[in-house]
Amino acid sequence: MALAKSQGGIVIFITFIVALILMMMPLPDWAKAARPQWLIMVVVYWCIALPDRVGVFIAWMTGLVLDVSTGSLLGQNALAFGVVAFLAIKLHLRIRLFPLWQQALSIMILVALYQIITLWVKGFTGQSAQSWSYWLASISSMLLWPFIFTLMRGVRRFYRVR
Amino acid sequence: MAISVFIYPLQYLVNLPVTMGEWMSESVTSRGTLLEENERLRVQHLLFKAQLQKLAALQVENVRLRELLQSSKKVSENVLIAELLAVDLDPFSRKIVINKGSTDNVYLGQPVLDAEGIMGQIVHLGPYSGTAMLITDPNHAIPVHVNRNGLRAIAVGTGTPDVLEIPYMTNSADIAEGDLLTSSGLDGRFPRDYPVARITQITKNPTQPYATVIAEPVALLERAREVLLVWPSDKVAQPASTTPMSDTATGAGSEPQTATQQPEPAAGPQPAPGTTEEQ
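Chains as they are written, first to last, in this note's numbering: chain U, 1 to 162; chain S, 1 to 279.
Treat the hints loosely; a few may be bogus.
Here are some of the chain S residues that sit facing chain U, going by a computed Cβ distance under 8 angstroms [said to hold, decoys possible]:
hint	residue
1	Ile3
2	Ser4
3	Gln11
4	Ala86
5	Asp88
6	Asp90
7	Pro91
8	Ser93
9	His124
Hints in this document: simulated from the structure, not taken from any laboratory.
Bear in mind the structure is a predicted one, so any value in this text is a computation, not a measurement.
Backbone N, C-alpha and C fix where the C-beta goes; we use that ideal spot for every residue, glycine too.
Using the sequences plus the hints, can you model the full thing?
Right, dumping it as structure tokens:
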């Protein structure tokens with residue numbers, strides 16, 4: 001199809017920025033571990049919705065920016081983002097057809113994978129002083145996915161991003 | 001790092017509501033509260049000033065006595081106040097972001113203090129912001145000594161807020177609950193004799209070679225809003241806006257500075273050679 005010229009790159013960029021800001025927003029101590037992984041969810045959304053525009057490379061770069069902003073080991077989030085984006089693109093046709101709750105479950109698995117990779121890198125670098133609350137982020141991301149998906153779809157349609 | 005230049009506006013943006021809220025609550029404070037606070041601060045100021053007078057005399061006396069002992073003098077430091085940005089980092093490491101960076105002559109490894117004691121050191125540096133690792137980070141360790149008797153030890157972070165571990169303390173070591181640990185300066189990075197932690201718990205197990213010693217940092221790691229950046233005086237690059245720690249410190253600055261703060265991990269308490277030029 002030669003008719004569709006890609007447009008709305010700035011909208012994608014802004015959603016990334018907003019997600020990054022949400023990742024840095026101060027939370028009370030009890031809620032810190034359960035912070036929903038906004039950025040990875042936005043990346044996964046765009047990978048599912050527009051796999052020809054947002055792919056592994058953009059996911060990698062986004063992860064790199066997250067690394068710098070959260071002060072973690074440079075490349076740790078980038079690696080995890082790249083792997084998750086690859087899987088999301090691989091599965092995007094299937095995930096698109098799922099009902100919302102089933103989508104949420106697959107998002108939980110993707111976010112858990114992201115956390116496993118991060119945990120693995122942290123284990124290498126000797127920061128693995130963890131508790132079970134580490135995995136709460138997957139749960140909170142899953143619970144928020146229907147909301148994020150609906151919102152992002154609205155944004156995508158309103159600004160005709162393709 | 002170059003990317004941190006782009007991150008800083010975002011961090012600033014995230015911090016903005018907090019700053020605004022503080023500004024709001026400051027500008028709508030009632031006159032009564034302000035007067036009360038002013039009164040309290042005035043009293044505190046008076047007290048501190050009185051203590052400082054004594055300190056000045058003690059400092060001069062200390063220098064004189066150390067000269068008699070032909071030992072190295074304590075070095076004075078310069079400080080700069082930085083503010084914390086209300087930005088969350090990785091929840092399982094203990095780091096903070098401050099609003100001073102390499103344009104303010106902050107350097108990597110620089111000690112960060114608050115009013116109570118040592119907080120940590122700078123690990124990442126951007127032009128306008130810096131990241132400091134707290135002493136409770138699992139990757140952080142700081143050489144300390146027991147203030148009471150000079151027993152040397154290392155305080156290692158655990159990743160749990162307000163918990164430090166002192167490894168390799170023998171069961172027979174002269175250490176007790178409530179002992180104050182101060183920095184020993186043997187790392188050549190942290191200034192000497194600043195409070196670090198207080199021992200909270202000692203578990204002596206006769207079947208183990210070492211006791212389990214737990215300490216609590218004296219600095220308000222989770223609560224402080226302003227932090228102090230310290231320049232040991234042998235570092236040349238100091239911003240013009242820093243303030244010396246006390247008046248006598250500047251007075252002593254004309255004399256040749258000694259080598260206590262230089263990175264000589266093995267030097268220990270004995271004076272390094274070449275420090276005796278003032279005799």
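Of the hints given before, which are not true for this structure?
none
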